[in-house]
Amino acid sequence: TQLLEQSPQFLSIQEGENLTVYCNSSSVFSSLQWYRQEPGEGPVLLVTVVTGGEVKKLKRLTFQFGDARKDSSLHITAAQPGDTGLYLCAGAQGAQKLVFGQGTRLTINP
Amino acid sequence: NAGVTQTPKFQVLKTGQSMTLQCAQDMNHEYMSWYRQDPGMGLRLIHYSVGAGITDQGEVPNGYNVSRSTTEDFPLRLLSAAPSQTSVYFCASSYRATANTEAFFGQGTRLTVV
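Quick mapping for you: the protein sequence lines, in order, are chains A and B.
Read in order, the letters of the first sequence correspond to residues 1 to 110 in the working numbering.
Read in order, the letters of the second sequence correspond to residues 1 to 114 in the working numbering.
Hint data in this document are derived by calculation from the structure and do not stem from the laboratory.
Just so we're clear, the structure is a prediction, and the values are computed from it rather than from any experiment.
Heads up, a few of these hints could be off.
Selected chain A positions facing chain B (in silico; Cβ < 8 Å) [to be verified]: (1) Ser30; (2) Gly42; (3) Val99.
Beta carbons are placed, not taken as given, at the ideal position from N, Cα and C, and that holds for glycine.
All chains should be modelled from the sequences, with the hints used to inform the complete structure.
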């Protein structure tokens, strides 16, 4: 059983559409991170959210941390082919362990 | 600045063989960790280290050993390879020894055990 459940696991949409990816858990996390991974590469950090209810924007990407610090979402506006990749959420479990969700594989079709 | 360097990039082992996956970082980071990535499973923590001489187990440590004799290096040893260890392995490092800081990942080692 995954500590962090991401949904959907796969998403294929047309360029210009909006989408939301969810990261849910029954556990409380001190922080949540979102990473993006391209084929043949390691994950790269997009954002860290720390405070319950926090919203961070990174150009067309909006990240939200749930009030209870158990869930997070990533919303992409007007998706572009360059957004294609594997999106991973990761939660800090205790001070020293980072646990990952299973990932959402996103494909944006031109 | 090379960041996190993993070698080799690809490796095929026979069941029962042993090998060491190398990981080196040049950012003077305290925290280093090893993950394995399998389809539909995300990344699972194998072992981690909060500084030279200190290591601890993660979620899936069985069949793997680590050591941290220097700040820069964190090798992962497979003692007796099994087909279940076929995976992509990632090494990561962070500036501080907490999971809240940004993790920098290597490019991964794709390991196949036959």
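Here is how each hint holds up against the structure:
1. With a cut of 8 Å, the hint placing Ser30/A at the interface with chain B holds, because the nearest CB-to-CB distance is about 6 Å.
2. At a threshold of 8 Å, the smallest CB-CB gap from Gly42/A to chain B is about 3 Å, leaving the interface hint in force.
3. Checking Val99/A against chain B: minimum C-beta separation of about 7 Å stays under 8 Å; hint holds.
When the structure is compared with the earlier hints, no violation turns up for any of them.
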